Every structure is written in structure tokens, then in C-alpha cells.
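Chemist: Below are the chains, spelled out letter by letter.
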Amino acid sequence: MLATEKAGARPGTHATALLAEADRLMTVCNSCRYCEGLCAVFPAMEMRRAFPDGDLNYLANLCHSCGACYVDCQFSPPHEFDVNVPRVLAQVRADSYATYAWPGALSGLFARNGLVISVVAALSVAVFILGFVARHDPSVLFGTHTGVGAFYRLMPHNAMAALFGAAFLYAILAIALSLRAFWRAIGDPVAADGASIWQAIRDASTLRYLDGGGIGCYNHDDRPNDRRRFYHHQTFYGFLLCFASTCVATLYHYLLGREAPYPWWDLPVVLGTLGGIGLIFGPLGLMIAKLRRDPIMADTERFGMDAAFIVMLFLTSLTGLLLLVLRATGAMPILLAIHLGVVFALFITLPYGKFVHGLYRFAALVRYAREHKALTGKH
Amino acid sequence: MADLTKKYDVLVAGGGNAALCAAVAAARAGSSVLVVEVASKFYRGGNTRHTRNVRCAHDAATETLSGPYPEDEFFKDLLQVTQGATDEVLARHMIHESKSLLDWLPEQGVRFQPSLGGTLSLGRTNSFFLGGGRSMLNALYLTAESLGVAIEYEAEVVDLEVDNGMFLSATVRHGGQNHTVRAATLVAACGGFESNIEWLKQSWGPAAENFLIRGTPNNRGTVLRLLLDRGVEEIGDPTQCHAVAIDARAPKYDGGIITRHDSVIFGIVVNRHAQRFYDEGEDIWPKRYAIWGRLVAQQPDQIAYIIFDSSVVTMFMPTLYPPIGAPGLRELAVKLTLDPAAFEKTVHDFNAAVRPGTFDDTILDDCRTEGIAPPKTHWARRIEAAPFYAYPVRPGITFTYLATRVNKQARMLMKDGKPSANMFAAGEIMAGNVLGRGYAAGMGMTIGSVFGRIAGTEAARNARN
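Protein chains in written order, with the working numbering: chain A, 1 to 379; chain B, 1 to 465.
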């Protein structure tokens, strides 16, 4: 049945049929409001009587997909009102990444995203391997290199820093411009204030709204649990620790003149190892949860995008840890090439994959903190 | 798959709040329990799916309620809405027992929501379920399952074997077959007969054809009818029910809460002949929310139209179905297929009768009419700011009050005045004992939870002896 024939459908202009369906759902939900205690989406919805596309993209990114509203809803399918908020908002959310992507010409990368990222990753790895081979004798790939500066005998540090710095800066630029477009679309043009940002940091860092209103999120059956939040924490904080490791190593290199590889007890290695372990088990858990999740609540068509990001994080960590363990063996050169290839691919695809969900959701949380404060006087 | 061949201590007919409270209470008391629910797993729980809150007395504020709401005040509210049509002993017992529900329900996994203000204006008297009634049901089912309660979905009680007030067995239709299910006791908690239009027509006449049923299509009163036919005493008036005015565009069944309209006080309500028929400003919502279903049911063709103008369109909750709008009164009348001349006259007469006042929809304000019948005694303002809007409304039946008579143990009483040996009732099927007329928000759930818990506990005790 078309969205326009269902209860709650409003004549109106939306960019896509999905946004029209999201409008219909919010109209249904706004006349019910039973779910207002579950998360931030429904209180934010209650502040509105109409739902233009920007607001729908905001609500979609505010949703953490805990599934509680689906399980609690008396109108979810097979009811004729067909209210499936987690699924439709997941679809709108995924579309929003492409809508606000910079540059717009690359927004197509979100379609068949799993394939795009696989190809980019494979190419990156191949280029690093070929690069090493081209620069050196092919036998360098199978030699044993140890001691200070061992990595840089395969690829000079400055070349490495320039290449990854450029990739990273591009990612930051593209993400920042995408985020700016999203922020402009979802809210009033006022800059975010410090208190709202701080509230959003707290909400994001605890995944406050992935708890089904207090009992955990719903995944494969009707018994909620907190495992997805636990896996996400492992992934997110693992990622942050790895990032911190890289930052410390950069400071070591430029400020202290100390070159990698570092001994196992040194800060970059400790941070990287801990983060790496988080980035092994977190993505594994998330992937298992994703595979088991009741498909009716999920944006199953975008499985590739979600899976690609999870796999890239997992591979980054796996290759990094293998490199750490095997760095004194003949496997080091090929592992280094693979690791650098994966990290490079991760960086350049950050603006065009699931990574952006964190930033869009954070922006939505800032927006919510702002309007919640304006309405109630408190965060 | 539950075992339908073994003999249980307690057979619970029904799968809503009352049934599950009974099942959980009986299982906690050590009984083996079988729940037979006519609906599929998704539609389980009848009207509980559509509920949101329960009214419980309490002596002091709690985390989720402001307070206090003393037993006497609760009873006074009940007397007011029922105009005295209640069994005082039972009602007072229920109100007393409702106090401990505030702890007992959370112990069964039910979560209450802190009062958020805004929509939840009932924060003192009523406790709201976090996530609504289906969330509450889900919690009760998880608890029942973990206590070992056997649950069979798509299983309907189609016959009862009762001998001189003693339940012997039930015929349960499941999977295309009839099963004879034996149990030491029966708890009937399977709703009223509101979904049975033919039965409604017996007392309402053809008007019942135009009723919309807000909840489950399964409450056909099969077990109620069987029990009354097997000698259980009847109590209550078959025309009495919880009925509100809901959008005429709602589905015949199961439209739930979202088809309601709370905009009556902001305009006027006219019938098929474009005439007003009741004081739209009599009392504050939600106190008078539950009278409009009956009022509309008494109008020709059981339809009415809430009429308002653009000045108030954002003053009430957004609605599922959009208002029907038109640039002028005449055009609106044409869209509603009302007589345009009569409609214009009604609005003009009303406008002329409006006296000046200070509008405030949160109190009984001083905006009223003079020299018009019926009057609008509060919130009366001229309907003059185009465009004009209307919501068509019909009676939305929530549940019926015709009941099996019970005592304080939720034990059914037989026509000869004797208590049944082993049959108990809870929820809508016995609501008429305390709710002879009218309605106050959250009462249905109080009746279900309180008498469900009592019925389960008593049935378990009965089964042990």
C-alpha cells in the first residue's frame, strides 16, 4: 500500500517516498505519544506539529535504533497502521548521509557502499604492496627488519606522514562540510552553545538512548539486553584509544625525536593494544548482533554499509595487532603494507560510510539538548 | 506449545492485564497455570494493548506520581462518574487494594514513567506505563513465562462445563480442533462483549451498526455469555460502556487511542442536522472526555462534527486524521454534507450568544454563552476566523459494563446467591460490579490489575484445598 493511503498520511512535499512515510509515522506517533519516555526522538517529535524533511532527518539521526518503540507499539505491523519507527528512521538516516555528503558528486558512494568500500580497501592494500615492491627489491617484502626506524626503511616517515596526513585532512574537511550542511538543515541557524555540546557529549559517550528506556535494547527476540551498547562502547573507546595512540606517537616523533617501533610497554603501544583489542571484540559483537537482529526492525537494504564499516574497523585492528606481534619476523613488510592500505582506505572512506553516523547523531543530540533546554529550562 | 491435555490448577481465559495479573499471582502462589488467549502473539492482550495508565490510591507522592490520592478521594471520584452506580463494598476494597499495586506491578517487571508534564496532566491520580500498555503487557508475559505459566495463543474458549456453580472443564478451540481442558479453578478474564455488534444491537438497536470499536475485535463476550447461561448472576446495564467520541474515519476495530479527539471544548459540536445538542464547555477534559461517546450515540446516524476555526487549531494535540477545512462556513457544510443554511445559522446563533470573557483552557473560565440552548458554559468564543475546520466523530466503544457478579475474592456469585465453588472473574468481564456507568481514566486497568491479582491468588488457594 502507498504511504498516502495509510492512516496519518498528509498531503505534502517530501524529497522521497521514505521521508513521506517518516512524516506519516511521526503524525501517528504524535497523536499517541505513549513512547515519550523511551528516548529523545519522541519528546523532540512532540515539540513539532509538522515534519519537514530537515526535521525528519534530525529525528532519524536522533534515533539509536534500540527497538523499544517497535516492541511497545500497538500499531506496529501486522496492524494496519503499519508503524515501524526503527526501520523507517534507519532508512531515512542512511539516506541523510548521502543527502548531506560533501562534495555532492560523491554522494553516490553511499549506494552499494559495502562494495565501494571493499574495492577501495583492496586497491589501497594492493597499491601499498606494489609501492613497496616498486621502491625496493621485491625481496624486501619478505625480509626481516628490526630496530628503530624499521618501518621507515619500507616507507619513509615523511612520505607516510604526508600521505596519511593528506588523507586524514581530506576526511576531516569532507566530514566537516557534510556536517555543516546537516546542521543547517535540522535546526535554527544559531551556533551550538557549550552547555548543549557538553550534554550531547555525555549522552553520546554513554549511549544514553540505546537503553530502551532503561532495560536495554531489543535485538533478536522480546528479551531486551544491553549487549549492543557494550559492544559499541568497546568499538568506540577502542577507536579513541587507537586514535590517542597515533597522536602520542606523532608527538613522540616530532617533539621527542623518538621513532617507531616503540617497545611494548611504551604509551603508543599500550594505548594501541588496548584500543586494538576493543576494536577486535567490539566490531565482532556488533556484527553478530547485526546478523541476529530481527530484520523487521532493521534497514536490511543498507546492511552492506553497516557491515563495511564494522569490517574495516576490525581489519584495522587485526592487521595492527598482527603487525605488533610479528614485527620482528619476515612477515612484517607485507603486514605493514596491508595495515597501511587498510588504514588509508578507512581514512579516505570515512566521509562516505557508516562512520558519519556518529557525527550526525552527535549533532542531533546537540540540537536536542538545545531545544529540550529551551522548552524545559534544563538539560 | 502448551500441554492442553494435563489438568492445571488454574485455567485463565484471556490474555490481557487482568488475565496476566491472575496468572502471575497464581503462579507465584505455587499453582500450575494455563493461559488461553484467543489472539495471536502480536495481538495478545486485548484492550490492554491500547491502555496507558492505571489509577491507584496512594498516601504520599512517589517517584512517578505526585500525591497524595487518598482512598476516599478515589471513591468520591468513582461515585461522581458512576452517579452512584457502584457496589460500595467492592469498590472500596478495590481502591484499598490498588495502593499496593504501585509496588506489585513493578515487581512483575512493569515500568512506570515519571510525570513529564505536558501531555501527562494526570500525574497525581494515574501512573503511566513507560512505553504504554503493550510494554506493560510484554513485561507481564515475560514474568509469567519465567514463572512457568503455560501460554497458548490463538486458543479460544468456546464452551464451559459447569455443574451447579462448579467449573469442570473448558472446550478450547485451537489449531482447528476442540480440546477439553480440565483445571481445578477457572479465572475468566477475557473482556466484555463490545466487539460483538449483534449483541450490542440487542440493547442499542440498529444504532450499534455505526459504533466503532476502539480495541480488539476479539471481545465478543463468548465466555461472558456462557457464564451467564451457566447460572452466574448478571450485574450491570447492557447499554453501559466506556464510550468516547472518536474520529469517524477510524477503522472499525483496533484504532486505539490515536483516533480520539480532545478538541470539543475549543469549538461547538453539531449533529447531522447541523444542530448543537450538548454543552461543549461543561467541564474540563479529561473529566468529561468519556461522555461524548454516548452523546454522539444518541444523535441521528450516530455522527457528529466538532467545528472550530483557525484561531484554535494548534491548541490541542495533533490528530491522526487531519481536520476537514474550508475557507468559509458554507463550503465547510458542503464538504460535511450538512445543510449549509442550517449550519450557518447554528454558528451565527452561537456566535451571537457568546459573552465577552478571558479565555483560559486550563481552568473553568468565564467565556460563556447567554440566551442559547444548549448553552456553552465555558471556553465559548466566536467561530469566525477563516478557514474553518471540522472533525467528524462517531461513538468509539472501549468496553462494555455488563458483568458477571463477583464478591471481594473475585469469586463469581451464582443466580441463587451462592458463591461459585471454583470460578473467578477479573477485568472487563466483571467491571460492571464497580463501574455501573461513566468512566474515569485508568479505571479499567485498576479493575483488571486488582481483581486479576485477587482472582489469581484466590484461585491458587482454592486449587490447593
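There may be inaccurate statements among the hints.
Cβ pair distances, simulated, as ranges [stated by the list, open to error]:
#: 1; chain 1: B; residue 1: Ala341; chain 2: A; residue 2: Ala50; range: 32 to 38 Å
#: 2; chain 1: A; residue 1: Pro78; chain 2: B; residue 2: Glu209; range: 25 to 31 Å
#: 3; chain 1: A; residue 1: Pro78; chain 2: B; residue 2: Glu234; range: 53 to 59 Å
Please keep in mind that the hints were generated in silico from the structure rather than gathered at the bench.
Keep in mind it's a predicted model, so treat the numbers as computed, not measured.
Each residue gets a CB set at the ideal place from its N, CA and C atoms; glycine is no exception.
Chemist: State for each hint whether it applies.
Modeler: Cross-check of the supplied hints:
{"no.": "1", "hint": "Ala341(B) with Ala50(A): 32 to 38 Å", "result": "holds (35 Å)"}
{"no.": "2", "hint": "Pro78(A) with Glu209(B): 25 to 31 Å", "result": "holds (26 Å)"}
{"no.": "3", "hint": "Pro78(A) with Glu234(B): 53 to 59 Å", "result": "violated (36 Å)"}
Figure legend: structure checked against the earlier numbered hints; the only hint not met is number 3.
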